[in-house]
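Based on the hints, put chain B in the right spot on chain A.
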Amino acid sequence: MKSAVEILGIEKRFGPTVAIEHVDLAIDEGEFLSLLGASGCGKSTLLRIIAGFESPTRGRIKIQGEDVTGWPPHRRPSNIVFQRGALFPHMNVFDNIAYSLRLRKWPRKRIAEKVEEMLALVRLEDLGHRGANELSGGQIQRVALARALAAEPRVLLLDEPLSALDLKLREQMQLELRTIQRQLGATFVFVTHDQTEALVMSDRIAIMNQGHLVQLGTPREIYTRPASVFASAFIGQTNLIRCTVAAVEGSTVTVEIGGQRMPAASPASLSPGEPATLSVRPEAVRVHRIGPEAPFGIDAKVAEIIYLGSSIRIGAAINGDAIVWADLRDEEAEGLTPGMDVRLAWPPTAIVWKETSK
Amino acid sequence: MTDLLTAASRGSRAIRPSGGGSGAFRLLTPAALYYAVFFAIPMLCLFVLSFWRAQGFDLIVDFSLDNYWKIAQSPVYHVLLLRTVVIGFITALIVVPLAFALSYVLHFVLARRGQIVLQLVLLSLFSGYLVRIYAWRTILGKQGLLNSTLMWLGVIDSPLEFLIYSNFATVITLTGLLLPLAVLPIYSSMANISRDHLEVARDLGSRRAHLVRTILVPMALPGIRTASAFAFLLAAGDFVTPSLVGGTQGIMIGNVIADQFRGIGSNWPLGGAIAFVTMALVLVVYFAAMRLIRWVTTW
Numbered sequence: 001m002k003s004a005v006e007i008l009g010i011e012k013r014f015g016p017t018v019a020i021e022h023v024d025l026a027i028d029e030g031e032f033l034s035l036l037g038a039s040g041c042g043k044s045t046l047l048r049i050i051a052g053f054e055s056p057t058r059g060r061i062k063i064q065g066e067d068v069t070g071w072p073p074h075r076r077p078s079n080i081v082f083q084r085g086a087l088f089p090h091m092n093v094f095d096n097i098a099y100s101l102r103l104r105k106w107p108r109k110r111i112a113e114k115v116e117e118m119l120a121l122v123r124l125e126d127l128g129h130r131g132a133n134e135l136s137g138g139q140i141q142r143v144a145l146a147r148a149l150a151a152e153p154r155v156l157l158l159d160e161p162l163s164a165l166d167l168k169l170r171e172q173m174q175l176e177l178r179t180i181q182r183q184l185g186a187t188f189v190f191v192t193h194d195q196t197e198a199l200v201m202s203d204r205i206a207i208m209n210q211g212h213l214v215q216l217g218t219p220r221e222i223y224t225r226p227a228s229v230f231a232s233a234f235i236g237q238t239n240l241i242r243c244t245v246a247a248v249e250g251s252t253v254t255v256e257i258g259g260q261r262m263p264a265a266s267p268a269s270l271s272p273g274e275p276a277t278l279s280v281r282p283e284a285v286r287v288h289r290i291g292p293e294a295p296f297g298i299d300a301k302v303a304e305i306i307y308l309g310s311s312i313r314i315g316a317a318i319n320g321d322a323i324v325w326a327d328l329r330d331e332e333a334e335g336l337t338p339g340m341d342v343r344l345a346w347p348p349t350a351i352v353w354k355e356t357s358k
Numbered sequence: 001m002t003d004l005l006t007a008a009s010r011g012s013r014a015i016r017p018s019g020g021g022s023g024a025f026r027l028l029t030p031a032a033l034y035y036a037v038f039f040a041i042p043m044l045c046l047f048v049l050s051f052w053r054a055q056g057f058d059l060i061v062d063f064s065l066d067n068y069w070k071i072a073q074s075p076v077y078h079v080l081l082l083r084t085v086v087i088g089f090i091t092a093l094i095v096v097p098l099a100f101a102l103s104y105v106l107h108f109v110l111a112r113r114g115q116i117v118l119q120l121v122l123l124s125l126f127s128g129y130l131v132r133i134y135a136w137r138t139i140l141g142k143q144g145l146l147n148s149t150l151m152w153l154g155v156i157d158s159p160l161e162f163l164i165y166s167n168f169a170t171v172i173t174l175t176g177l178l179l180p181l182a183v184l185p186i187y188s189s190m191a192n193i194s195r196d197h198l199e200v201a202r203d204l205g206s207r208r209a210h211l212v213r214t215i216l217v218p219m220a221l222p223g224i225r226t227a228s229a230f231a232f233l234l235a236a237g238d239f240v241t242p243s244l245v246g247g248t249q250g251i252m253i254g255n256v257i258a259d260q261f262r263g264i265g266s267n268w269p270l271g272g273a274i275a276f277v278t279m280a281l282v283l284v285v286y287f288a289a290m291r292l293i294r295w296v297t298t299w
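Note that the protein sequences, when read in sequence, are chains A and B.
Residue numbers for the first sequence, in our numbering: 1 to 358.
Residue numbers for the second sequence, in our numbering: 1 to 299.
One chain only, chain A, in its complex shape (with noise of 0.2 Å):
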């Protein structure tokens, strides 16, 4: 597949401060990719280099097979859209939309006809006379958006579009984009710092971390095998039980808490005896009472229960020390009662890391 945007061992450094450490990411065609980070660590500042605001220190940025490292934002295929909207005050919302294409000196009518279109995309049909400073949080995003899209560029660049917006509307508004993508069938770049949106939203997911990208794919593949101690913790829950390396055979490891056993999986390769980390996700691990039936495991102490609506979260000590917290539908956690004796389970793929791994 032909890649919209490619991203060639880009590096940028403020001054003595790396933004980006040498990033090499392929978008395409078509994708809608969310680069997703904590603030801080250079999603947005990459974001800034494709539309040409910011200079690499080094690397290329090609957009559809054309290198246009050096280009100016006006020059680019690409197209911005910002938290804050950006409106021009001074405009009503059609004069906004009409902005690019009257610069292009386009006829009056086909103008008009294509603001018309933009709206009824971002459904605001009506409000082509209503003043840049008489619409709600929502309706500045979707002109936002309108009017970048209106410009018709290849790849639309997204900034934390939706961060500014409260949680309801942030929700619907993911939906309608990624609606609006598909139909357009076009190529989304989107910042975010929210893993939800990311997870909801995106085809792929580039997650980085303080300028390096640590792991790209799809939003299954980085919530099932996180390629890091960082992606596992960063996107979804998890828990991160600290244990010792008992047992190595292969990629299965078995592992030591608190003197009992469990295997695991390891991407890395680890030796007996060594400190690690264990990550295993609240909704893999099982609760069973001690019997005969109950499978094997590690025992612990119900410590907490704490009810979430869809679930219920059990928080078990390990040896009155490390908390290990679980996801039970209603009736699983029935007759759990906290300082009951319970034994812990999740399937062997909970992945083990080494302790100093990031």
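Source of the hints: derived by calculation from the structure; they are not laboratory data.
Check each hint, because a few of them may be wrong.
[Stated by the list, open to error] Covered by chain B, according to a simulated footprint, are these stretches of chain A (three or more residues, beta-carbon under 8 Å): (1) 64–74; (2) 98–108; (3) 227–240.
Every value quoted in this text rests on a predicted model; they were computed, and no experiment measured them.
For each residue, glycine too, the CB sits at the ideal point set by N, CA and C.
Structure of chain B alone, referenced to chain A:
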């Protein structure tokens, strides 16, 4: 307690900006009163006076258009009025773009450090009006800073005569005096323009002159309007600067008006009439210029 609450709620309703009714206007009373006593009433008196006649040192109550007729007939006034408007206009034409460029640099290039520079610019206002005019005299004078530097550098052999006691000197000095005043409103309305606005516009294909015309100027327009008013009206109304650096050929209408109200040859009714003619002319030019800016900056 209840009384307090109702009073408080009535008060909060009163100061709401829109639909506040009489309460909001009550807050305007002190300013309105001040303007009435010290501006509107004197202006009205002067206006009435402009239809009177002066005979020696006496004022004769009358209703005659003689004063206005005199202005309409005499070429001297025409030349002075024209020069006044042209000097005011040229000064504004220099001051406002300079202030705009300076504000742009302060806000977008220097960002937070711009605040410090702005304070320094404002500091120059503390040095006093006359002091600053005299400062310009020492710069522009025949043996002034500029001439002696140029001669020392060998750029010129003899002092440039037009630097002082000329319309040129008046415009330069007025520019120096009015620049800080013009920066203030433009800078403050530019604060509403974020870097995002500029970046979005550039991203959509705009740049340079188009960016200035479609985004920067329209968004800073309230400030530009105020700055233009300051620069043009104050320059056109000034009579101290022309009399100190303008030379014998450089007097402006303000000098003539001032002369009508002091000294031996004074004629208050004529002074009033010239003042009103000047005011009308200056306002017409100002509003025409504002229309022009609006027209040029429609996208």
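Hints, one by one, checked against the model:
1. 64–74: holds (count 3)
2. 98–108: This one holds; 5 residues, not fewer than the three required, reach chain B with a Cβ under 8 Å.
3. 227–240: Since three or more residues must qualify, the claim that chain B covers the region 227–240 of chain A is violated, with 0 doing so at under 8 Å.
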